[in-house]
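Undergrad: Chain order of the listed sequences is E and V.
If you read the first sequence in my numbering, its first letter stands for residue 13, the second for the next number, and so on.
If you read the second sequence in my numbering, its first letter stands for residue -17, the second for the next number, and so on.
The reader is advised that the hints may include incorrect statements.
To be verified - A few chain V positions that, by computed beta-carbon distances, are all more than 12 angstroms from chain E:
#, residue
1, Thr(-8)
2, Ala2
3, Asp4
4, Asp14
5, Asp30
6, Glu60
7, Asp76
8, Arg89
9, Glu112
As the list claims (entries may be wrong) - Simulated restraints on C-beta separations:
#, chain 1, residue 1, chain 2, residue 2, range
10, V, Arg89, E, Pro382, 26 to 32 angstroms
11, V, Thr29, E, Asp335, 38 to 44 angstroms
12, E, Lys433, V, Glu113, 30 to 36 angstroms
13, E, Arg225, V, Asp91, 40 to 46 angstroms
14, E, Arg38, V, Asp(-10), 27 to 33 angstroms
15, E, Pro190, V, Phe(-13), 40 to 46 angstroms
16, V, Glu113, E, Pro190, 25 to 31 angstroms
17, V, Thr29, E, Arg38, 31 to 37 angstroms
18, E, Lys438, V, Asp(-10), 49 to 55 angstroms
19, E, Pro243, V, Ala25, 51 to 57 angstroms
Read the hints as simulated data drawn from the structure, not as lab findings.
Backbone N, C-alpha and C define an ideal beta-carbon position, used for all residues, glycine too.
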Amino acid sequence: MTVPRALQRISDTVWELPASYKSDMRVPARIYATEGLVRTMDETVFTQISNVATLPGIVDCAHCMPDGHSGYGFPIGGAAAMDTETGVISPGGIGFDINCGMRLVRTDLTLDEVRPKLHMLVDRLFRNVPSGVGRDGVVRASDDEFREILEEGAAWCVRRGYGCEEDLRRTEEKGCMPGAKASAVSQRAIQRGHNQVGTLGSGNHYLEIQVLRPENVFDADLATALGLGIPNQVVVMFHCGSRGFGHQVASDYLQELLGVMERKYKIPVRDRQLACAPFKSPEGQRYFAAMACAVNMAFANRQVILHRIREVFTDVFKKDPADLGMHQIYDISHNTAKLETHEVCGRRRQLLVHRKGATRAFAAGMEGLPAEYAEIGQPVIIGGSMETGSYLLCGASSGKDTFYTTAHGSGRTMSRTAAKKRFHGKQLQKDMEKRGIYVQTASLAGLAEEAGGAYKDVDEVTRAAELAGLSRRVAKFVPVGNIKG
Amino acid sequence: MPFRFLDDITTADVAFEATAADLAGLLQAAADATLAAMVADPASVRTDVTRNISVEGDDVGLLLYRFLEELVFFKDAENLLLHVRETRVHESDDGILTVDAKARGERIDHKRHELPVDVKAVTFFELSVEETQDGWRAVVVLDV
Chain E
13 MTVPRALQRI SDTVWELPAS YKSDMRVPAR IYATEGLVRT MDETVFTQIS NVATLPGIVD
73 CAHCMPDGHS GYGFPIGGAA AMDTETGVIS PGGIGFDINC GMRLVRTDLT LDEVRPKLHM
133 LVDRLFRNVP SGVGRDGVVR ASDDEFREIL EEGAAWCVRR GYGCEEDLRR TEEKGCMPGA
193 KASAVSQRAI QRGHNQVGTL GSGNHYLEIQ VLRPENVFDA DLATALGLGI PNQVVVMFHC
253 GSRGFGHQVA SDYLQELLGV MERKYKIPVR DRQLACAPFK SPEGQRYFAA MACAVNMAFA
313 NRQVILHRIR EVFTDVFKKD PADLGMHQIY DISHNTAKLE THEVCGRRRQ LLVHRKGATR
373 AFAAGMEGLP AEYAEIGQPV IIGGSMETGS YLLCGASSGK DTFYTTAHGS GRTMSRTAAK
433 KRFHGKQLQK DMEKRGIYVQ TASLAGLAEE AGGAYKDVDE VTRAAELAGL SRRVAKFVPV
493 GNIKG
Chain V
-17 MPFRFLDDIT TADVAFEATA ADLAGLLQAA ADATLAAMVA DPASVRTDVT RNISVEGDDV
43 GLLLYRFLEE LVFFKDAENL LLHVRETRVH ESDDGILTVD AKARGERIDH KRHELPVDVK
103 AVTFFELSVE ETQDGWRAVV VLDV
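Next comes chain V alone, as it looks inside the complex (with noise of 0.2 angstroms):
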């Protein structure tokens, strides 16, 4: 699994860290890694319905922020739990990153699905994307 929480950055809330080969893997392992801290068992997730995500920034971190954020949007709108899958990332002439993904899930059922905390924010403390020797590596602090 190309993600671990990580234990001593926050007090309060939940830190990880995610590792890809690329760019785009790193988005998805980041997103997994906010899913396994909003339920405590991902695999109970069922695959039912799709939303498409697709969001911009102007770097890779705030392009990391929006794209998890989006997790914890439909997570209190539409009460989802979702896996992402198929994520592209690219770049436009003028630097812009674009991520598309298609997030597959189901609507939260409390009978099966063990919810420990709330995910309310994707956080900027300690954010950290870069380029490692290996591919990529993110930091990332969830506010509970």
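So here's chain E without its partners, still in its complex pose (with noise of 0.2 angstroms):
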């Protein structure tokens, strides 16, 4: 891999490539990593994060997490923070997958008394949780129903009997972006989604059930207050977003921005994926209230998921939820623009920020955490590849010059083309199991291509984010059943 000449060592963990790299950039823009990450980062990402640099409004710096690789527009663990009044929105900073994000619960239950039932658990849940392409979800809304969700987001759901007040105070925003106007949204986007809530999808979106062994606690006081250290305690996380709708909501405003960025706001297109409009223009304030409902209809989709889980694990062991301890620990997002409060050289500032593929990692005391979780700092939920395993982190004061972003997960380094020549899905589901991962997948081809081997490291990229400052790790987990959608 090929590292600019330019990039600069800040720190062990902090990178820049400085505002002249480029001629058009208005701040630097910051990695953070160790030497042996940003040196696997593809070229793709300097370019990227360094696009970033140039839209105008941006505050400080463009940053990239220590998980960075290509994506669109920004790359993903791309993270920028726009003036509210000068700069600009982007369908490029969020993502196709609006509100691809993270949910974690925990359980009473430990790994002998789970062992002896996995399969039975594993099965029903594939079959409880649509996965894959062309499943119709959980609910059935009619056009109307959908719009309620799309405003109200998991709340609408908490209110149909799907769950409950505690996993809305738990989950990032409340379960419900606030600006949501379903009128922003196109037909084509409800038409596309609104037969997909309580989907799991598809590519590296999964379900699993994990394992805390004791020697994979890495701050035992923190994990205590989130509910966490019985031994070999069982958890179950996932991982999807806001399906064809999200995409849908994206490429719509991509190309619509992409007609006024530059004819009618003289803004230069230096790459089609990064379209833009003002925040406060007719055409970024109406991608932002569309945007919301793709938000809210992840928050949804995740809110029936977790009910229907819940439902099989009640089956299965014959006990109530709350008599297994099956209590929601966080569901944060890691593609989003949000409206946040900052502090930036003695201001405070109201600014946009987008995280794609990055997550929000608030601070002990910050606003909009949980009360049980003011004095710890907001939870944070790190997916790794189905057979490495996967982080709990908190968020950290030292995470300020992120604007407290911190990575999301693990990032490719092998294409799907490669990983299907390298992995063959039958062997690879059957080494797993051996290994005592219990896989069901909607494709087997599909499971090769997010073979382990295909992922960075999620152990390195977690210890990078914790050595930059930006998020402490609280435990890690490692799969024993896992649904791939």
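Join the two chains, each given in its own frame, into one complex according to the hints.
TA: Here it is in structure tokens:
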């Protein structure tokens, strides 16, 4: 991989492309990673994060997380805060899968209790949580009901009996992003998504039964505060987003903003995937309202999936979710743009923070955290590959420089075609079973593409994020059951 | 087959090159590639239902983007996998390009269709459509 000569080492984990790297960069671009991770980053990461630094109204720096890799417009792992008066909003800073995110649920169960029923559990989850392509969701919503979901998010689901108030409290934005207006969304987007509430999707989306082994607790106090610490405790983690609906919202507005970016707002188009419009423009405001709808659709999607998971556990263990201690730890998005207030040069400013393949990681005491986490900081859920494990982190006060943003996952290092050549789905499934991971998948070819060997080392990513002060490691979970979409 | 998948453009997604003698053929070849990204064996997709596709664009890149996006739309909105046929392109006096095509296919049948990835979107990343000595060539990256 080629690291640009202009890349300066600021510290062991902070690297900078100065604003002089490109003539139109308004601010420097910073990459937070160990030297090992920087050297594995593809060249596009440096091109894309420095392109981000050219966007009007960008504040302080363009940031790239340790799991940074090539994306569209922003790199995956890119974060940028824009001034709300002078800055832009860009679909390329959010991603096609708006509010793709992670949800983590604890249980009181141990691996010894789960192991004898693991196959039954995974098979039933596979049956009850639709996954793969072309599967209709759990919720049958009319177009009008779907529009309600877009404006109310996970709260709509809880009102209909899919979950409880505690779930909402422990979801970023309480499961409903303000400013959503269904009128800003195209009929095509609604047609693409209205049958997909309660579906996992495909690709790198998954649902896992995982175990917290005692040796994988990094911070026992934080773990206890988050409801973890029973030896070999079982948790459930899943990763999915706003499905076809969010993809269509992104595609619709990518084209719309591309149409006005240069012609109406005189912003040069460096990369069409970085299409943008001033945040306060009519087009920018409409995209923001539509994006919030997709954020809410994803929160609702994950809320319904959680409900299904609880139903399956209740069915298999013949106990209520409460008796199984099935509490949501947190739900976090890693593809959004949000209005947040941050201190910049001693002044509190409202900013539009884009995070694309990057996760908000608020520190203790910050606004927007549930009361139970006010003193420890915001939980951050990091999905690893299906073979290697996933992490729970917490926000840290030292994350101020990145507007309290950290990594989101491990990031691919091998193309899908190469992975399919290297790994064989059926064999991989057998090998994983021998290692104690029972997998059900909608597609064996798709399974091969998601092999652990195709991903960056998630241990190194979370270690780098901690060394850079972006977040603290709480615990690592290893999979024992996996449903791959 | 006038398309091939490319391995050196994107790590996380799917890229392909399509070639044809004319623009209409190029759009059809790109549609074939998109179907081949969605379903492991495109020949397993029967042609029971028909959908008409008609999109326009100011330039060939946008035209191709919107044309392929139709296939992504039908896959989610109606669970349809579609072979694109009878593709025709015309240009208006003011330079607007229109493509009309018949798309024939069927609803996803999980017993017969192996669907390795979910194509989320067509992207502008490295998107190129160019006239060559032999006809036309396009490179497209699909977000999956």
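Undergrad: Is it true that Lys438/E and Asp(-10)/V lie within 49 to 55 angstroms of each other by Cβ?
TA: violated (28 angstroms)
Undergrad: Against the range 31 to 37 angstroms, how does the distance between the Cβ atoms of Thr29/V and Arg38/E compare: consistent or not?
TA: For Thr29/V and Arg38/E the Cβ distance comes to about 53 angstroms; the hint is violated.
Undergrad: In terms of Cβ atoms, is chain E entirely out of 12 angstroms range of Asp14/V?
TA: holds (17 angstroms)
Undergrad: Asp30/V: least C-beta distance to chain E exceeds 12 angstroms?
TA: Fine: 15 angstroms to the nearest Cβ keeps Asp30/V off the interface.
Undergrad: Arg38/E and Asp(-10)/V, beta-carbon distance inside 27 to 33 angstroms?
TA: Since the Cβ atoms of Arg38/E and Asp(-10)/V sit about 32 angstroms apart, the hinted range of 27 to 33 angstroms holds.
Undergrad: Would the least Cβ to Cβ distance between Glu112/V and chain E come out above 12 angstroms?
TA: Answer for Glu112/V: holds, closest chain E Cβ roughly 16 angstroms.
Undergrad: Quick check on a hinted range of 30 to 36 angstroms for Lys433/E and Glu113/V, using CB atoms only.
TA: Hint holds: Cβ distance 33 angstroms, inside 30 to 36 angstroms.
Undergrad: Range hint 26 to 32 angstroms: satisfied by the CB atoms of Arg89/V and Pro382/E?
TA: Roughly 43 angstroms apart at Cβ, these two residues miss the hinted range, so it is violated.
Undergrad: Per the hint of 40 to 46 angstroms, is the separation of the Cβ atoms of Arg225/E and Asp91/V within bounds?
TA: holds (42 angstroms)
Undergrad: Within 40 to 46 angstroms: is that where the Cβ-Cβ distance between Pro190/E and Phe(-13)/V falls?
TA: holds (42 angstroms)
Undergrad: Against the range 51 to 57 angstroms, how does the distance between the Cβ atoms of Pro243/E and Ala25/V compare: consistent or not?
TA: For Pro243/E and Ala25/V the Cβ distance comes to about 53 angstroms; the hint holds.
Undergrad: Would the least Cβ to Cβ distance between Ala2/V and chain E come out above 12 angstroms?
TA: holds (23 angstroms)
The structure does not agree with the numbered hints 1, 6, 8, 10, 11, 16, 17, 18 stated previously, though it agrees with the rest.
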